[in-house]
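When you get a sec, could you build the whole thing from the sequences and use the hints?
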Amino acid sequence: MELGVKKIQNDSLSEEYFEIDHKSGLKIFVMPKKDFSGTFAMFGTKYGSVDTCFKLEGEKEYTKVPEGIAHFLEHKLFESEELDAFVRFEKTGANANAFTSFDRTCYLFRCSENFEKSLEILLDFVTSPYFTEETVRKEQGIIGQEIRMYQDDPDWQVLFTLLGGIYHNNPVKIDIAGTIESISKITAKLLYSCYNTFYNLSNMTLAVVGNADVDTVIKIADKIIKPQKPVKFEQIIPDEPDKVVSNKIERDMGVDVPKFALGFKENHKTGTRTAKEIVCASIALDNIAGKVSPLYEKMLSEGLINTSFSNEYFTGRGFSIPIFTGESKYPEKVRDKIFERIDEIKANGISDEDFDISKKRLYARELRSFNNIDDLANNIVDCYMNGYDLFSVFEAYKEITKGDVTDVIKNMDKDNSCLSIIK
Amino acid sequence: MEMKKLCKGVNFAYHRTNQFKTAAISFNFIAPLDEKASENAMIIHLLARTCSKYKTIFEMNRKLASLYGAVLSPVVSKDGENVVLSLVLNVIDDKFTLNGESICKQAVDLLCTCVFRPDVTLDGFVKENVEREKRLLIQKIESENDDKRQYSLRRMIEEMCDKEAYSLNRLGKIETIEKLTGKELFERWTRLVVNCPVQISYVGSADEQIIVDTVMTYFDQIGRKEVWPIRTEFVTDAYSQKTIREKQNVQQGKLVIGYRAGMTYDRDNFAAIKLMTMIFGSGTFSKLFTNVREKMSLCYYCSASLISSKGLIVVQSGVETENAQKALDAIRKELDDVKKGKFTKDNLKSAKLSYSDTLRSVYDDAASIISWMLSYTTASSFLTPEQIISMTDAVTMEEIIVAANMISEDTVYILESSKEEN
Chain A
1 MELGVKKIQN DSLSEEYFEI DHKSGLKIFV MPKKDFSGTF AMFGTKYGSV
51 DTCFKLEGEK EYTKVPEGIA HFLEHKLFES EELDAFVRFE KTGANANAFT
101 SFDRTCYLFR CSENFEKSLE ILLDFVTSPY FTEETVRKEQ GIIGQEIRMY
151 QDDPDWQVLF TLLGGIYHNN PVKIDIAGTI ESISKITAKL LYSCYNTFYN
201 LSNMTLAVVG NADVDTVIKI ADKIIKPQKP VKFEQIIPDE PDKVVSNKIE
251 RDMGVDVPKF ALGFKENHKT GTRTAKEIVC ASIALDNIAG KVSPLYEKML
301 SEGLINTSFS NEYFTGRGFS IPIFTGESKY PEKVRDKIFE RIDEIKANGI
351 SDEDFDISKK RLYARELRSF NNIDDLANNI VDCYMNGYDL FSVFEAYKEI
401 TKGDVTDVIK NMDKDNSCLS IIK
Chain B
424 MEMKKLCKGV NFAYHRTNQF KTAAISFNFI APLDEKASEN AMIIHLLART
474 CSKYKTIFEM NRKLASLYGA VLSPVVSKDG ENVVLSLVLN VIDDKFTLNG
524 ESICKQAVDL LCTCVFRPDV TLDGFVKENV EREKRLLIQK IESENDDKRQ
574 YSLRRMIEEM CDKEAYSLNR LGKIETIEKL TGKELFERWT RLVVNCPVQI
624 SYVGSADEQI IVDTVMTYFD QIGRKEVWPI RTEFVTDAYS QKTIREKQNV
674 QQGKLVIGYR AGMTYDRDNF AAIKLMTMIF GSGTFSKLFT NVREKMSLCY
724 YCSASLISSK GLIVVQSGVE TENAQKALDA IRKELDDVKK GKFTKDNLKS
774 AKLSYSDTLR SVYDDAASII SWMLSYTTAS SFLTPEQIIS MTDAVTMEEI
824 IVAANMISED TVYILESSKE EN
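Chains A and B are the protein sequences, given in the same order. According to the working numbering, the first sequence is numbered sequentially starting from 1. According to the working numbering, the second sequence is numbered sequentially starting from 424.
Simulated from the structure, these hints should not be mistaken for lab results.
Rough simulated footprint, nothing fancy, chain B against chain A, three-plus residues with beta-carbon under 8 Å:
hint	region
1	88 to 97
2	149 to 161
3	249 to 258
4	296 to 307
In silico DSS-like pairs for lysine-lysine, Cα to Cα no more than 27 Å straight-line:
hint	chain 1	residue 1	chain 2	residue 2
5	B	K518	A	K34
6	B	K762	A	K91
7	A	K276	A	K6
8	A	K276	B	K518
9	A	K298	B	K550
10	A	K337	B	K557
11	A	K91	B	K775
12	A	K248	A	K337
FRET-style restraints, in silico, Cβ to Cβ:
hint	chain 1	residue 1	chain 2	residue 2	range
13	A	D84	B	Q573	29 to 35 Å
14	B	Q573	A	E81	37 to 43 Å
15	A	R365	B	Q573	25 to 31 Å
16	A	K423	B	D630	51 to 57 Å
17	B	S804	A	S308	36 to 42 Å
18	A	S202	B	E821	50 to 56 Å
19	B	K842	A	D84	30 to 36 Å
20	A	P238	B	R558	41 to 47 Å
21	A	Q228	B	M426	53 to 59 Å
22	A	E181	B	K550	52 to 58 Å
Since the structure is predicted, the reported quantities are computational estimates derived from the model, not experimental observations. For each residue, glycine too, the CB sits at the ideal point set by N, CA and C.
See below:
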């Protein structure tokens, strides 16, 4: 095996992949899967909507950027002085896309043929920025419509209303695409400043999963990616008070079926949750009101919830909230039932049976994420950015105890929760 | 992908593979889309929730959890003027059970128990279950109105196809659902089991005979009668040609345009019409993306799609209300250009490449395979992804122009924002 190539494997899953420290400074992961007809590649940077105030090491002043700029940059990177990336992908047949989340931006494609050419295009366009004031102005119209679309999306709005009710200053509460007003302040110069800070190879990673091999990926990386000196940057992370902003926020959108989200504020000292913490929280939520819990059936039969009711441990760099979400004409009653159930667990603990059933159920869900090459590539990037490997979550299921799960529930403070309602 | 006929109107399609960690089994009724839509939708939801063996949601969910977190979902989808009522069971593959037990057999048993052994009394389906499912289904219908993109598309179809069964909501009507009784639902369930075309599909590593044997023990006890036909009325030319405007309290307006594709059945000139639709409006190489979105910067999305099961083409866009007319004019101009042959060889090549790539990737996802295999029963003829690729490969520029000239614009639906300033 080549120098700088490390094999990571898991016997119980019969899966393996390779971690490569490329000479350019880029971390590359390749998971060959020969029985798949396609290949999925994802090139991402640890840069998202939460990164709002930063400076490069050695610079005097911090740059405070307009809300939505990471997402705006994602749109603009597809353009170049010559051919736009989309036009180049048309020649290969690959299906290319990109997304910006709270804490990362990723560029991706899926293809069944012409993998090498498509990977060249991906690596090239992401490392070749080209912004002008004119193209920036043009994009403001398109993104303006994207923002409007999300303003009409009650599921999106119920989440951001919750984030605004939980956090005073945490930038995760900012809408990823920004506002029509904030994006009007974006300039080509600001885009370059964000690009030069966050799109350094030392802050990025490439994951390839599917019908491809390590040598091919390294060969193309050698050809396209120019070595870079790592940069260091500093960020200002605003202080966040321990308490929520409000216990309840309602907004009127005129929907037929009201939506709600109930979240509990957590105050962790470290920025990113470990694989074990994530698994514990998922089992905890499943035990409180998951599909196998008595509370789920009770609320469904009493007409308090419908089958859209679900839970999620919403977490990323610098934020974590256990959330229950769904549709209900009586969201306050749902909240009260969940509170009661939490109190009950705090008093009596979880039964062995309940614990085992949740564990088995979620283990299967984890296993399911190994079915698709796109999920796998996404998870490899996600895990790397959070500081663990692809198999950590899967392995965490084996070592978790009932005590770990009850500890999570003990920390859920109903006085420090927020109920957001879209009516 | 392979298919076997099991008994009268019952097909079994399967794809054996070691590629996935989980297996998927689905049981599908293919019923006509008609005034029975409400009953149909209620039944598939009732069957998914409880059965005579697991009488409460809690018991059922515990059973699923004990089968290594199996997931059972009811799905109602439109396929032309038919409605596909599916119960889909996802379960981990036998390779991954902790003590080497076979989950596949147990899973098929559970699925069949749900379909053939519902929880019924002398009065039909249990009243409290019926009442619960009514409430859930009505909320589902209401909640779909809150998704404005989906709502606008449905409204356009309702208007455009108002004289055809295709205008009906696949989930039925709220007023009808409210009045349904357990007895009526039981009678309808009997009809589905006895007369409705059925397809069972499987993707996974197990021997397909396990599934066939289990399923047949249930069907053997049913006297299958005359099987309902599967059909769809194809209208080749636009006839209503109306413009509908509605106002709602939304930030962004929607523009939806419905076209008749000139098809007389689902495979009629399919390859040319599909590629033409792509050049016109699906994908980043399309005219709608490059001109209406990128050059005119009018919208975030503006795309065309072909519904071959009904011979329709639909353009959907989210635009500011004040720009709706401008967008409509621009979309019409782009289609005119395709009709006049104003597109390049490269456009056609891109469409072919992109579509063949999509088709090849069907094999990489169990849900896509399941959905593809349904066409064994629903389509006029079954074609593999490879067969469609070779059909599209042969399409010429001239054939695209001919296909484009077969299209006629029918109904324009505009959802306007009633907000004065947002």
